[in-house]
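> Could you put together the complete structure from these sequences and hints?
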Amino acid sequence: MAGVDATLLEDLTRRGLVNQATGDGELEQHLAEASRTLYCGFDPTADSLHIGSLVPLLTLKRFQAAGHKPIALVGGATGLIGDPSFKAQERSLNTPEVVAGWVEKIKQQVSAFVDFDAVENPGIVVNNLDWTKDLSVLDFLRDVGKHFSVNNMVNKESVKQRLQREGEGISFTEFAYILLQSMDFSELYKRYQCTLQIGGSDQWGNITGGVDLTRRQHRGKVFGLTLPLVTKADGTKFGKTESGTIWLDPKRTSPYAFYQFWLNTADADVYKFLRYFTFLSVDAIDALEKADAERQGRPEAQGVLAKEVTRLVHGEEGLQAAERISQALFSGGIEELSQSDLEQLRLDGLPSSELPREFTAEQSLIQLLVDAGMAPSGKQVKDALGRNAVLVNGADVGMDSNGVPAEVFAGGRAMHERFYVVRLGKKKYHLFYRSA
RNA sequence: GCAGGGGUUCCCGAGUGGCCAAAGGGAUCAGACUGUAAAUCUGACGCGCAAGCUUCGGUGGUUCGAAUCCACCCCCCUGCACCA
Numbered sequence: 001m002a003g004v005d006a007t008l009l010e011d012l013t014r015r016g017l018v019n020q021a022t023g024d025g026e027l028e029q030h031l032a033e034a035s036r037t038l039y040c041g042f043d044p045t046a047d048s049l050h051i052g053s054l055v056p057l058l059t060l061k062r063f064q065a066a067g068h069k070p071i072a073l074v075g076g077a078t079g080l081i082g083d084p085s086f087k088a089q090e091r092s093l094n095t096p097e098v099v100a101g102w103v104e105k106i107k108q109q110v111s112a113f114v115d116f117d118a119v120e121n122p123g124i125v126v127n128n129l130d131w132t133k134d135l136s137v138l139d140f141l142r143d144v145g146k147h148f149s150v151n152n153m154v155n156k157e158s159v160k161q162r163l164q165r166e167g168e169g170i171s172f173t174e175f176a177y178i179l180l181q182s183m184d185f186s187e188l189y190k191r192y193q194c195t196l197q198i199g200g201s202d203q204w205g206n207i208t209g210g211v212d213l214t215r216r217q218h219r220g221k222v223f224g225l226t227l228p229l230v231t232k233a234d235g236t237k238f239g240k241t242e243s244g245t246i247w248l249d250p251k252r253t254s255p256y257a258f259y260q261f262w263l264n265t266a267d268a269d270v271y272k273f274l275r276y277f278t279f280l281s282v283d284a285i286d287a288l289e290k291a292d293a294e295r296q297g298r299p300e301a302q303g304v305l306a307k308e309v310t311r312l313v314h315g316e317e318g319l320q321a322a323e324r325i326s327q328a329l330f331s332g333g334i335e336e337l338s339q340s341d342l343e344q345l346r347l348d349g350l351p352s353s354e355l356p357r358e359f360t361a362e363q364s365l366i367q368l369l370v371d372a373g374m375a376p377s378g379k380q381v382k383d384a385l386g387r388n389a390v391l392v393n394g395a396d397v398g399m400d401s402n403g404v405p406a407e408v409f410a411g412g413r414a415m416h417e418r419f420y421v422v423r424l425g426k427k428k429y430h431l432f433y434r435s436a
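Going left to right, the first sequence walks through residues 1 to 436 as our numbering numbers them.
FYI, nobody ran anything at the bench for these hints, they're computed from the structure. All residues carry an ideal CB built from backbone N, CA and C; glycine is no exception. Hints are not guaranteed to be accurate.
Derived DEER-like restraints, expressed as beta-carbon distance ranges [stated by the list, open to error]:
(1) Lys133 / Thr13: 17 to 23 Å
(2) Asp234 / Asp5: 34 to 40 Å
(3) Gly25 / Phe172: 23 to 29 Å
(4) Glu407 / Gly235: 41 to 47 Å
(5) Pro228 / Asp115: 20 to 26 Å
(6) Asp234 / Asp283: 26 to 32 Å
(7) Arg252 / Asp283: 34 to 40 Å
(8) Pro228 / Lys190: 27 to 33 Å
(9) Ala284 / Gly425: 32 to 38 Å
Rendered as structure tokens:
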């Protein structure tokens, strides 16, 4: 057996990645002794994971790097039910076809973080639908249900608000979710000698359920470890921006937008995020923090964070593209961009739209920008226009230009005959062009 | 099924006949200041450039006028009953 890195848990702790663990410290020894198999589940609630899943995903990777065997479980079954943990309300069910489609997408996504070819400790991806789809209700109730105490389940913190809070209830379906997830752990223990489940802190109840079930069904000693919920210092929700959730799928969130998201991390959060989301050593991160503190002005940490995480998720190419765009837009001189630079930015994922040859009478500048997705409502564009916050190829456009888009996008004002870089506010860019 | 409580603009939450596109807070957007920060201040925040238009679970009604009153319906919560 290849050696395992016995300091893994210590490193995780230093990173602040350990929220809770079962087993009174026995886990550390368990992991230090031998290469273990562990798993983490990802339910398909959309066709892509978002950055909320990044912490567990990367943690799986950390375990593998330390010599353990990771299993990424995609919840083809659990996704059909819906995890009630700490959810304020019952969710509507998705059809089996839809969930099955999502499962495939999530499988692929997850696969990027697990090394299947490691000789000693290859990872695998499984789907819990495989061992639940043919299970009969009676078998389920007798073999699994019998091990659960409703009294116990009712006392779980994760469903408390649904049980007590006025205005919301919980269906039996969601209430039974924990049985399914617990079954997964027990099943993986049986099939792969999986002895550790990791997950977000909201998964504690489900994880301990699995630990108990494994013991009851197989007299197996298994462990659970939860990771902290990612929070921001200002109290707002992590992973959301003006334009919505940050997804891992480049079709939903371009590498550029992804990169920008991390680059905009608040100082108060950035070092914590570096520990959570990168593989840089804690010492290196501490050193960076110290250097930033000593230097006046802008810290380097955000740049490092954006670079590292974008590379992890979108690869070197995605990172290059993101950096090219960011460089071009924010480090001055858009007017110096060559025609091929502009073309490249478009390919790199800078939001862009084609302009019509002729403008109709109804087309106002405001409407054009709204249609391009630069703002959700015309009011915002109007506000920006009124404050000279709209720039076309570097020159600001006032409210009086609203009615005359043909003038704003006149051929003579184009870059290389056909490009217009429009900036709204400080950070929102959009490339308008006419086909060549 | 019965009784009681409730469904308001992204969220929380005021509003119980006109002064309501609807208080306040949060989130969000823009401006100033900055570091593409934070904090702070300013403006915006249903839709529409505007005139204006469409909202307060749904449908009808009363009224000059309804988020506010009435009727019916839908949904949620709590308790009781039913299941026994």
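> If I claimed the Cβ atoms of aspartate 234 and aspartate 5 lie 34 to 40 Å apart, would that claim hold in this structure?
Given about 35 Å between the Cβ atoms, the range holds.
> Please check whether proline 228 and lysine 190 have a Cβ separation lying inside 27 to 33 Å.
30 Å, holds
> State, for the Cβ atoms of aspartate 234 and aspartate 283, whether the hinted interval 26 to 32 Å holds or is violated.
The hint (26 to 32 Å, Cβ to Cβ) holds, given that aspartate 234 and aspartate 283 are roughly 28 Å apart.
> Range first: 34 to 40 Å. Now tell me if the beta carbons of arginine 252 and aspartate 283 are that far apart.
This hint holds: roughly 35 Å between Cβ atoms.
> For the pair glycine 25 and phenylalanine 172, does the Cβ-Cβ distance stay inside 23 to 29 Å?
Because 37 Å falls outside the window, the suggested range is violated.
> Taking the beta carbons of lysine 133 and threonine 13, is their distance inside 17 to 23 Å?
39 Å, violated
> CB of alanine 284 to CB of glycine 425, is that within 32 to 38 Å?
Distance hint for alanine 284, glycine 425 holds at roughly 35 Å.
> Honestly, do glutamate 407 and glycine 235 meet the 41 to 47 Å range at C-beta?
45 Å, holds
> Given the hint of 20 to 26 Å, is the C-beta distance from proline 228 to aspartate 115 inside that range or not?
For aspartate 115 against proline 228, whose Cβ atoms are near 25 Å apart, the range 20 to 26 Å holds.
Of the hints listed earlier, those the structure fails to meet are numbers 1, 3, in rising order.
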